[in-house]
Structures are given as structure tokens and as C-alpha cells.
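Work out the full structure: start from the sequences and follow the hints.
There are 2 protein chains.
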Amino acid sequence: MSVVSLTVRCFALSTDGYGAGPSQDLQNPLGVRGPELMEWLFQARVWRTMHGEPGGDTGVDNEMAEHAFDGIGAWILGRNMFGPVRGPWPDESWKGWWGDEPPYHTPVFVLTHHPRKPLKMAGGTEFHFVTEGIHAALEQATAAAGGRDVRLGGGVATIRQYLRAALIDELHLAVRPVVLGAGEPLLTGIDLRALGYECAKHVWGERAMHVFLRKRA
Amino acid sequence: MSVVSLTVRCFALSTDGYGAGPSQDLQNPLGVRGPELMEWLFQARVWRTMHGEPGGDTGVDNEMAEHAFDGIGAWILGRNMFGPVRGPWPDESWKGWWGDEPPYHTPVFVLTHHPRKPLKMAGGTEFHFVTEGIHAALEQATAAAGGRDVRLGGGVATIRQYLRAALIDELHLAVRPVVLGAGEPLLTGIDLRALGYECAKHVWGERAMHVFLRKRA
Chain H
1 MSVVSLTVRC FALSTDGYGA GPSQDLQNPL GVRGPELMEW LFQARVWRTM HGEPGGDTGV
61 DNEMAEHAFD GIGAWILGRN MFGPVRGPWP DESWKGWWGD EPPYHTPVFV LTHHPRKPLK
121 MAGGTEFHFV TEGIHAALEQ ATAAAGGRDV RLGGGVATIR QYLRAALIDE LHLAVRPVVL
181 GAGEPLLTGI DLRALGYECA KHVWGERAMH VFLRKRA
Chain U
218 MSVVSLTVRC FALSTDGYGA GPSQDLQNPL GVRGPELMEW LFQARVWRTM HGEPGGDTGV
278 DNEMAEHAFD GIGAWILGRN MFGPVRGPWP DESWKGWWGD EPPYHTPVFV LTHHPRKPLK
338 MAGGTEFHFV TEGIHAALEQ ATAAAGGRDV RLGGGVATIR QYLRAALIDE LHLAVRPVVL
398 GAGEPLLTGI DLRALGYECA KHVWGERAMH VFLRKRA
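These protein sequences, in sequence, are chains H and U.
Residues 1 to 217 in the numbering used here are what the first sequence lists, from first letter to last.
Residues 218 to 434 in the numbering used here are what the second sequence lists, from first letter to last.
Please keep in mind that the hints were generated in silico from the structure rather than gathered at the bench.
Keep in mind that a hint or two might mislead.
[As the list claims (entries may be wrong)] DSBU-like mimics (lysine-lysine), calculated; alpha carbons at most 35 Å apart, straight line:
| id | chain 1 | residue 1 | chain 2 | residue 2 |
| --- | --- | --- | --- | --- |
| 1 | H | K95 | H | K120 |
| 2 | U | K334 | U | K312 |
| 3 | H | K201 | U | K337 |
| 4 | U | K312 | U | K432 |
| 5 | H | K95 | H | K117 |
| 6 | H | K215 | U | K418 |
| 7 | U | K312 | U | K337 |
| 8 | U | K334 | H | K201 |
| 9 | H | K95 | H | K215 |
[As the list claims (entries may be wrong)] If you anchor each label on the Cβ, the simulated ranges turn out as follows:
| id | chain 1 | residue 1 | chain 2 | residue 2 | range |
| --- | --- | --- | --- | --- | --- |
| 10 | U | V302 | H | E39 | 41 to 51 Å |
| 11 | U | G341 | H | A200 | 20 to 30 Å |
| 12 | U | G276 | H | A200 | 34 to 44 Å |
| 13 | H | G133 | U | P307 | 21 to 31 Å |
| 14 | H | D25 | U | V302 | 46 to 56 Å |
| 15 | U | G276 | H | H67 | 19 to 29 Å |
| 16 | H | D70 | U | E280 | 53 to 63 Å |
| 17 | U | G413 | H | P35 | 47 to 57 Å |
| 18 | U | G276 | H | E66 | 45 to 55 Å |
| 19 | U | A382 | H | Q161 | 30 to 40 Å |
| 20 | U | T266 | H | A200 | 27 to 37 Å |
| 21 | H | G87 | U | E283 | 53 to 63 Å |
| 22 | H | D25 | U | A360 | 41 to 51 Å |
| 23 | U | E280 | H | Q161 | 40 to 50 Å |
Predicted model, so just to flag it, every value in this text is computed and none were measured.
Virtual Cβ for every residue (Gly too), placed ideally from N, Cα, C.
What follows is the structure in C-alpha cells.
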């Protein structure tokens with residue numbers, strides 16, 4: 001049995017159940033009103049420091065964000081989280097939302113139906129494009145993680161796929177006191193209890209309720 | 218314009234969006250696993266005092282529960298919240314879940330498709346059975362409330378009906394760090410933003426995140 005866990009960390013959820021706003025595109029990578037989900041992070045010192053801004057709150061939310069990258073050896077991302085391009089890759093020009101040096105600093109496995117050569121970025125991030133589905137991506141990420149955890153970054157559709165397959169070991173949600181009204185429902189229609197998930201822990205932040213779901217061993 | 222508000226208070230919601238567990242019946246008035254929604258209340262001093270038990274926590278959750286009955290002049294309940302009887306009333310024997318002296322102490326308007334005579338209980342509660350739908354129940358409750366607020370007690374299906382009609386002025390949710398996996402989804406498929414609702418306030422309790430949604434004036 002593998003000792004590597006598949007973990008989702010700091011994934012924001014609105015009170016009405018959305019993990020992203022509607023109409024995601026280049027201008028709205030989190031969907032319309034999606035940024036309301038992320039206010040707990042945008043105000044955190046660690047986020048502001050990452051973006052070269054002074055100040056920011058310290059506290060529980062900041063601590064959660066700070067440790068969200070600890071012990072991660074590889075990432076898995078859905079295609080739409082990598083970028084707004086849909087269908088076959090027209091060329092190699094899209095290199096993710098994050099500029100030359102993405103915040104991952106590990107191998108990142110991007111789920112897609114359309115093959116593409118690996119893409120090496122500054123700072124140790126290398127994007128690998130996996131066309132063989134979620135199990136293959138998890139195998140490759142686990143092998144690349146070198147004994148550390150694999151973090152599933154999202155988006156919503158990808159998390160739902162892995163949840164339905166009960167492949168996620170820990171799901172940390174940042175439940176926000178906001179309603180989006182529309183968007184991508186994260187947990188709707190997924191019977192988490194039948195899949196073996198329970199709330200193992202919760203921590204009150206300043207702008208989010210942090211809920212840690214774990215699969216029973 | 219009426220000064221009376223229709224308010225929902227302390228309605229519990231699981232992290233995965235359920236307002237009640239599945240398979241509600243006489244043994245499981247909150248549905249299977251439904252009590253997990255109510256732990257924030259069951260541990261509160263006000264609840265324990267109401268049930269003749271010593272102790273219980275004081276704090277934010279207790280305070281929320283304590284004030285949930287303030288300023289209420291009438292209640293509206295769905296049929297299923299009044300009891301497990303379905304279809305035409307076989308007789309007058311079912312008198313609610315709450316014994317001889319229900320906790321309402323006001324007129325209570327019960328939505329049903331099946332006529333029944335009003336039912337007077339000890340302590341000022343009088344159940345009226347309304348067969349003409351949600352608008353009629355609200356009119357009757359408003360008239361009976363004598364200038365105070367009308368509280369909509371639930372259950373889930375009734376709250377959804379009133380929400381979709383944008384008739385609820387304030388919806389106070391006690392969002393719990395638990396997952397039920399199945400049950401009655403409270404907000405799924407209702408576009409709260411399009412209906413004019415926003416989070417006006419939130420308060421961290423000990424066992425729940427209290428979220429207050431209000432309709433823009």
C-alpha cells in the first residue's frame with residue numbers, strides 16, 4: 001500500500017455549495033463572483049507577500065495558506081485550472097495562469113484529452129500533460145512525488161471525479177460565508193458518507209470555516 | 218408595505234448542503250444522521266434548560282439559540298415539520314412532535330393539502346392548518362403576528378418554496394462542519410443572488426458558522 005496521500009487543501013466553498021463562479025474565462029479565471037470565495041486568502045499575509053504586496057493579516061487563515069504547500073511532491077490539475085484554452089492545443093503559447101515561475105515548484109500533472117509535450121518552467125515546476133485519465137495521472141504523480149504527498153489543485157470537475165472514485169485521502173475545504181447563486185457545485189449529488197468520508201477536524205479562521213474531510217482507513 | 222419580516226433562524230446546514238437527513242420518520246424526525254446538524258444546539262445551555270437538563274455550553278451558539286424566539290408573533294411550518302403523518306388526517310390524534318406545550322407560544326400556521334380544525338395547545342400555541350398555499354399562510358401569519366416578525370420554522374421543502382418566491386427577508390443558517398452524504402438539499406439549484414440575497418453578516422459559533430442572508434431592500 002502506498003504511503004503517499006492524495007490531498008486537496010484550502011479549496012474554497014460557498015455557503016450555497018459552489019467551488020467556482022459561473023462563466024469562467026480569461027478575464028474570470030475563478031468564474032464571475034469567484035473571487036468572493038478567495039477573500040480569506042487574498043487578505044492573508046502569505047498571499048500578499050507572494051504577490052509583492054506589504055501587510056496582510058496573520059492568523060488562522062494565513063497559517064492555513066502558509067502550510068498548504070508543505071510536504072507536497074507533485075500536483076494534479078484539471079485542464080481548465082491550467083488555462084482557458086479548450087479543445088486541441090492550437091500551439092504551445094499558453095503556459096498556465098502563473099507567469100514564468102508558477103508557485104508549484106514540483107512536477108504538475110495536467111489532465112487533458114489532448115496530448116502535449118511536457119513544459120519546463122522556472123523554479124522547478126514542470127507541467128506534464130496526461131491523456132490517460134485520472135488513475136494514470138495519480139500513478140504518475142505518486143511516482144514523481146518521491147514519497148511526499150500529491151496535491152490535487154482542482155478545479156471543481158476534477159475534484160468531483162477523484163471524489164467519486166474515492167481516491168482523495170484528505171479534503172480541506174475553506175467554507176466561506178458568501179452565496180454565489182450560480183457556478184460549479186462542488187459536492188452536490190456526491191454521497192460522501194457512502195464513499196467513506198467524514199469530518200475529521202474543523203478550525204475557525206477569520207474569513208472561512210476550515211473543514212477537513214478524511215476517508216476512513 | 219408591511220413592516221413584518223419573514224425570518225428563518227438557526228436553520229442548520231451541513232457542509233455538503235443538506236438541511237435534513239434522509240428517511241425522515243417517527244423515529245428520525247430530522248432524518249437519518251440529521252441530529253449531527255443539531256449538535257451546536259443540543260450542547261447549548263438554553264436547549265438543555267428547556268429539556269430539564271443541567272449544564273450546557275454558554276457562548277455564541279447558546280446566544281443564537283436564546284434569541285431565536287425573540288420578537289416572533291407567529292410561525293409557519295411545513296406539514297412534515299408538524300409531524301410524520303402523510304395524506305389526509307386519519308383523525309385528530311397527532312398533535313405535533315412537542316407534547317402538550319409546544320415551544321411556539323404563538324399562532325402557528327401549518328401548510329397542508331388536507332383541511333383540519335385549529336388545534337389549541339397549552340402555553341399559547343394554536344395550530345392553524347392552511348390549505349391555500351404559501352402566500353395565504355404568510356398573509357394569515359402576518360395578520361396574526363400583531364406587528365411582530367413571522368418565523369418560518371421549516372422544513373427544507375417549505376423554506377425552498379418561500380425562497381424561490383423571494384418571500385423570506387432574513388435567512389440565518391447555522392453551517393455545520395459535518396457531511397451527511399444524503400438528505401434534503403437546502404439551497405441546491407436556487408440562485409440566491411438572482412433572487413436578491415446576500416450574506417449580510419456572519420458570526421463564528423463554537424460548533425457552527427452562523428451566516429445571515431438578507432434580501433436587498
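For each hint, the structure was consulted:
1. For the proposed pair H/K95 and H/K120, the alpha carbon gap of about 10 Å is at most 35 Å, so the pair holds.
2. Between U/K334 and U/K312 the CA atoms are separated by roughly 12 Å; this keeps the pair inside 35 Å, and the hint holds.
3. A threshold of 35 Å between alpha carbons decides the hint, and for H/K201 with U/K337 the separation of about 45 Å lies outside it, so the pair is violated.
4. At roughly 34 Å between alpha-carbon atoms, U/K312 and U/K432 fall within 35 Å of each other, so this suggested pair holds.
5. Only pairs whose Cα atoms come within 35 Å are accepted, and H/K95 paired with H/K117 is accepted, the gap being roughly 12 Å.
6. The suggested pairing of H/K215 with U/K418 holds, with an alpha-carbon distance near 33 Å, which does not exceed 35 Å.
7. A distance of roughly 9 Å separates the Cα atoms of U/K312 and U/K337; the hinted pair therefore holds under the 35 Å criterion.
8. Straight-line distance between C-alpha atoms of U/K334 and H/K201 comes to about 49 Å, which puts the hinted pair past the 35 Å bound.
9. At most 35 Å may separate the alpha-carbon atoms for a hinted pair to count; H/K95 and H/K215 meet this at roughly 34 Å.
10. The hinted window of 41 to 51 Å between U/V302 and H/E39 holds, with their beta carbons roughly 46 Å apart.
11. Taken as a hint, the range 20 to 30 Å is violated for the pair U/G341 and H/A200, whose Cβ atoms sit roughly 45 Å apart.
12. With their beta carbons about 23 Å apart, U/G276 and H/A200 fall outside the hinted range of 34 to 44 Å.
13. Hint check: H/G133 to U/P307, Cβ distance near 55 Å, so the stated range 21 to 31 Å is violated.
14. Judged by the Cβ atoms, the range 46 to 56 Å given for H/D25 and U/V302 holds: they are separated by roughly 51 Å.
15. For the pair U/G276 and H/H67, the supplied restraint of 19 to 29 Å holds, since their beta-carbon distance comes to about 28 Å.
16. Range check, H/D70 to U/E280: Cβ separation about 37 Å, and the 53 to 63 Å hint is violated.
17. At about 21 Å, the CB distance of U/G413 to H/P35 disagrees with the hint of 47 to 57 Å.
18. Distance hint for U/G276 and H/E66: a CB-CB separation of about 28 Å, inconsistent with the stated range 45 to 55 Å.
19. Distance hint check: the CB atoms of U/A382 and H/Q161 are about 36 Å apart, consistent with the given range 30 to 40 Å.
20. Between U/T266 and H/A200 the CB atoms are about 32 Å apart, so this pair conforms to the stated range of 27 to 37 Å.
21. In this structure the hint that H/G87 and U/E283 lie 53 to 63 Å apart at CB holds, the actual value being about 57 Å.
22. Take H/D25 and U/A360: their Cβ atoms lie about 50 Å apart, and the range 41 to 51 Å holds.
23. Our hint of 40 to 50 Å for U/E280 and H/Q161 holds, since their Cβ atoms are close to 42 Å apart.
Violated hints, listed in ascending order, are 3, 8, 11, 12, 13, 16, 17 and 18; each of the other numbered hints is respected by the structure.
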